[in-house]
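There are 2 protein chains.
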Amino acid sequence: MLSQLLKPDYEELIRAKDWNTLRELLTELDPPDLAEILDGLSPHDATLMFRILPRAEATEAFEHLPLERQTEMVETLADEQLVRILDEMAPDDRTRLLEELPGSVTRRLVQTLSPDQRKIANQLLGYPERSAGRSMTPEYVAIRPDMTVSQALAHIREQATRSETINVVYITDAKSKLLGEVRLATLVLATPGDRVDTLEERQVVAIPATALREDVVATFEKYDRVALPVTDTAGHLVGIITVDDVLDVQAEEATEDIQKLGGTEALDAPYLDTDMPTMIRKRAGWLAVLLLGEMLTATAMSYYEREIERAVVLALFVPLIISSGGNSGSQATSLIIRALALREVELADWWRVLVRELRTGAVLGLILGVIGFMRVQFWPTAATTYGPHYTRVALTVAGSLVGVVLFGSVVGSMLPFALRRVKLDPATASAPFVATLVDVTGLVIYFTVANMFLKGVLL
Amino acid sequence: MLSQLLKPDYEELIRAKDWNTLRELLTELDPPDLAEILDGLSPHDATLMFRILPRAEATEAFEHLPLERQTEMVETLADEQLVRILDEMAPDDRTRLLEELPGSVTRRLVQTLSPDQRKIANQLLGYPERSAGRSMTPEYVAIRPDMTVSQALAHIREQATRSETINVVYITDAKSKLLGEVRLATLVLATPGDRVDTLEERQVVAIPATALREDVVATFEKYDRVALPVTDTAGHLVGIITVDDVLDVQAEEATEDIQKLGGTEALDAPYLDTDMPTMIRKRAGWLAVLLLGEMLTATAMSYYEREIERAVVLALFVPLIISSGGNSGSQATSLIIRALALREVELADWWRVLVRELRTGAVLGLILGVIGFMRVQFWPTAATTYGPHYTRVALTVAGSLVGVVLFGSVVGSMLPFALRRVKLDPATASAPFVATLVDVTGLVIYFTVANMFLKGVLL
Numbered sequence: 520m521l522s523q524l525l526k527p528d529y530e531e532l533i534r535a536k537d538w539n540t541l542r543e544l545l546t547e548l549d550p551p552d553l554a555e556i557l558d559g560l561s562p563h564d565a566t567l568m569f570r571i572l573p574r575a576e577a578t579e580a581f582e583h584l585p586l587e588r589q590t591e592m593v594e595t596l597a598d599e600q601l602v603r604i605l606d607e608m609a610p611d612d613r614t615r616l617l618e619e620l621p622g623s624v625t626r627r628l629v630q631t632l633s634p635d636q637r638k639i640a641n642q643l644l645g646y647p648e649r650s651a652g653r654s655m656t657p658e659y660v661a662i663r664p665d666m667t668v669s670q671a672l673a674h675i676r677e678q679a680t681r682s683e684t685i686n687v688v689y690i691t692d693a694k695s696k697l698l699g700e701v702r703l704a705t706l707v708l709a710t711p712g713d714r715v716d717t718l719e720e721r722q723v724v725a726i727p728a729t730a731l732r733e734d735v736v737a738t739f740e741k742y743d744r745v746a747l748p749v750t751d752t753a754g755h756l757v758g759i760i761t762v763d764d765v766l767d768v769q770a771e772e773a774t775e776d777i778q779k780l781g782g783t784e785a786l787d788a789p790y791l792d793t794d795m796p797t798m799i800r801k802r803a804g805w806l807a808v809l810l811l812g813e814m815l816t817a818t819a820m821s822y823y824e825r826e827i828e829r830a831v832v833l834a835l836f837v838p839l840i841i842s843s844g845g846n847s848g849s850q851a852t853s854l855i856i857r858a859l860a861l862r863e864v865e866l867a868d869w870w871r872v873l874v875r876e877l878r879t880g881a882v883l884g885l886i887l888g889v890i891g892f893m894r895v896q897f898w899p900t901a902a903t904t905y906g907p908h909y910t911r912v913a914l915t916v917a918g919s920l921v922g923v924v925l926f927g928s929v930v931g932s933m934l935p936f937a938l939r940r941v942k943l944d945p946a947t948a949s950a951p952f953v954a955t956l957v958d959v960t961g962l963v964i965y966f967t968v969a970n971m972f973l974k975g976v977l978l
Numbered sequence: 520m521l522s523q524l525l526k527p528d529y530e531e532l533i534r535a536k537d538w539n540t541l542r543e544l545l546t547e548l549d550p551p552d553l554a555e556i557l558d559g560l561s562p563h564d565a566t567l568m569f570r571i572l573p574r575a576e577a578t579e580a581f582e583h584l585p586l587e588r589q590t591e592m593v594e595t596l597a598d599e600q601l602v603r604i605l606d607e608m609a610p611d612d613r614t615r616l617l618e619e620l621p622g623s624v625t626r627r628l629v630q631t632l633s634p635d636q637r638k639i640a641n642q643l644l645g646y647p648e649r650s651a652g653r654s655m656t657p658e659y660v661a662i663r664p665d666m667t668v669s670q671a672l673a674h675i676r677e678q679a680t681r682s683e684t685i686n687v688v689y690i691t692d693a694k695s696k697l698l699g700e701v702r703l704a705t706l707v708l709a710t711p712g713d714r715v716d717t718l719e720e721r722q723v724v725a726i727p728a729t730a731l732r733e734d735v736v737a738t739f740e741k742y743d744r745v746a747l748p749v750t751d752t753a754g755h756l757v758g759i760i761t762v763d764d765v766l767d768v769q770a771e772e773a774t775e776d777i778q779k780l781g782g783t784e785a786l787d788a789p790y791l792d793t794d795m796p797t798m799i800r801k802r803a804g805w806l807a808v809l810l811l812g813e814m815l816t817a818t819a820m821s822y823y824e825r826e827i828e829r830a831v832v833l834a835l836f837v838p839l840i841i842s843s844g845g846n847s848g849s850q851a852t853s854l855i856i857r858a859l860a861l862r863e864v865e866l867a868d869w870w871r872v873l874v875r876e877l878r879t880g881a882v883l884g885l886i887l888g889v890i891g892f893m894r895v896q897f898w899p900t901a902a903t904t905y906g907p908h909y910t911r912v913a914l915t916v917a918g919s920l921v922g923v924v925l926f927g928s929v930v931g932s933m934l935p936f937a938l939r940r941v942k943l944d945p946a947t948a949s950a951p952f953v954a955t956l957v958d959v960t961g962l963v964i965y966f967t968v969a970n971m972f973l974k975g976v977l978l
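Residue numbers (our numbering), protein chains in the order written: chain A, 520 to 978; chain B, 520 to 978.
The following block holds chain A by itself, in its conformation from the complex (with noise of 0.2 Å):
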């Protein structure tokens, strides 16, 4: 592995302005580490060294660039340069760069870029936003069906530089309707006089240009293929995408989930590369969204003062009991979103969870009620800190934790459906979100059930 190597302080060598030594070490390096270095290093020395690669060198690190250290170099590059980058990366990986710059600073990029690719570039971002169409690259090879294998092969021979894998290649037919799919290995092993669309006996697995992402990270994880075609509706060939980017994908998808499920807006960038304004900006909104909602508890327990200041006793077991609530509902929004993010779980599924929800939700209440209980009625000194009637102090904490449990996980549960009925990402469903509105009806549950057993002895 390559932390087994000695790496050279490039830093020092820029600074003793020894650029031959410097791409002499640069050039030996694979891509990927190559990008690695660079990003490590500041943005005005990154590009001093990017200015001495050769070019061939110079694109493929660039591609392994994280997106938003790209965007960040666009700004540095001197236009020819940038162009000569845009030019030579692989489609898809370029299409992802210009979503992500300033509609103004893409088009102008776009226009640079020589016809053909210009031509790829335009279709590709025609495609909805997170959809397979913007994924997937054109660069494939494309076979008919009647070649023989020892054809196909001088073909596959042909167009191979052209092509991001021809690990599979696609039999199409001569308005590019996709046929099927055969893979080099198929070929390789097959006799040379053999038709290709005799080979193959896998089903071809097709994604639709539209589908969403998880989707076809879902299509992915189901076929174990290396790469997928990607057909307009009328089944033609339009792209095909390779598992390798639905490896950042997933990740990515990952990523997004936890950080809403946390509470924040996704970073959309690793966290020491996120500046103090975005990072304030991405966290600050949701703060505030949940602190009013909080407020309510404020307005909530106004509403229950005059049995605060009867039994004081009562304010010292809201913090415990609401947060019993939020955190079973923390923990039922978690797994339902993972659920719905990984199909196991569908919209219709809904009443299922509810009844799996109100059972473990009721046994969970039990379960905390009878801890709470023992909790209060065999404190040591349970009777001069919570008054003569403390038993009664210890079913009112009981019956409130079997209360907000079940409540907590209910609403948990049912939040994440309830978003994406309403088409919003279920992931909006953070656990502090859910904490926050089960702290205002876990108040109500709370001084309701004081109510019950504390009515006429302490209130």
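No false leads were mixed into what you were given.
Each pair may be met inside one copy or between any two copies, as identical chains are not told apart.
Within a straight-line C-alpha distance of at most 20 Å, the following computed SDA-like cross-link-like pairs (lysine to any residue) qualify:
1) Lys696 x Glu720
2) Lys741 x Asp763
3) Lys801 x Ala881
4) Lys801 x Leu873
5) Lys974 x Tyr909
6) Lys741 x Glu772
7) Lys741 x Leu586
8) Lys741 x Pro610
9) Lys741 x Asp558
10) Lys741 x Ala788
11) Lys741 x Val768
12) Lys696 x Pro657
13) Lys801 x Arg878
14) Lys741 x Glu579
15) Lys741 x Leu766
16) Lys741 x Val724
17) Lys801 x Glu587
18) Lys741 x Asp767
19) Lys942 x Leu861
20) Lys801 x Ala788
21) Lys741 x Glu771
22) Lys801 x Leu791
23) Lys801 x Val874
24) Lys741 x Asp552
What the hints contain is simulated information worked out from the structure, not anything from laboratory work.
Given the structure of chain A, go ahead and fit chain B onto it with the hints provided.
Chain B in isolation, oriented as in the chain A frame:
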């Protein structure tokens, strides 16, 4: 796509005992689709279907079943049939299945494997859990460096059926030391007389057999390969890992992190397939621990009981204050857990993160503080609801919000580092866990600030 096909009613056909039609319909399907249908049936029906399938189809479909369904079917299938399937399964998939079964069942099954297969299974099982060694397959094609392209192709044709992929083949010496790799695509494009060790210009990237599976995923993400070789400490090739398995591992890792972040143990099975006792067990543990933690808030509150009695108004804002601390903690912890999982942040970066979170937390705290101040100060009925000293109450709320948000951000971001430092999974720092930690301190901050602003007035 599949959804476009009309699905026959398989259950109907089973009821009618129409085995011939069934067998015909099923053998037309691709193994992943067949597996999906089997997965949708009751265990009894699935076993019946399984028995009428031809041997090859049965094995392939079995490999595509979810792991928890496989373990279930191990119980229902006859020994003889099961051994046949195990013998023909890809070694890496078989290892995952064997790992999942109770130890006694595993031993019995491994003993019934053919001697060759048993050797492979034992070899794979010897590596630590969640290591690259466990996910690798020993079914690859190795060639010698002095082979010509045509010799290599001939060798590949011989070995292909025993290999999981031939998209990449590996160059080793007589002692199986890994010297390099060559893509099948490169071989097909090369001159037949060339030596294979002169062909591939990419650096070979090898994964140590003891590498954690998260590192395997990270390596695949970086290098965009369809397969990577696994080596022992001496650099001998011991197996390969294919990208389809990595896609599955990546999804599983994200699922685990999301479930842990939500405050449950990892379910290790789809939500709807998890039975009630398991679901309760995986959720009750953390809920109970968190409840015990929250009980400290009751203790803290009783410590401030005198203050609450004198100024009941203070109790009104308790939920708001502690929730805001929990929310900012949840944000910080989810950001850092994901950054650690993606290797964007390393253990050594804790200091940089701390500095960032101190600054971010201070700004976020100020924003919330201002909102909180205004909420109390400009509330229409402020003077009656919060008493004559409502401005001091507003200052107490604002000051506490600054404190708890800052504290929440710092604790939430540092806890994952602390857990990683003591070799625990950082994702254990769930949102509810951080919230609970912050709650007690939040109360102390709140009542301390209250004493500052209200001493001699209300307190």
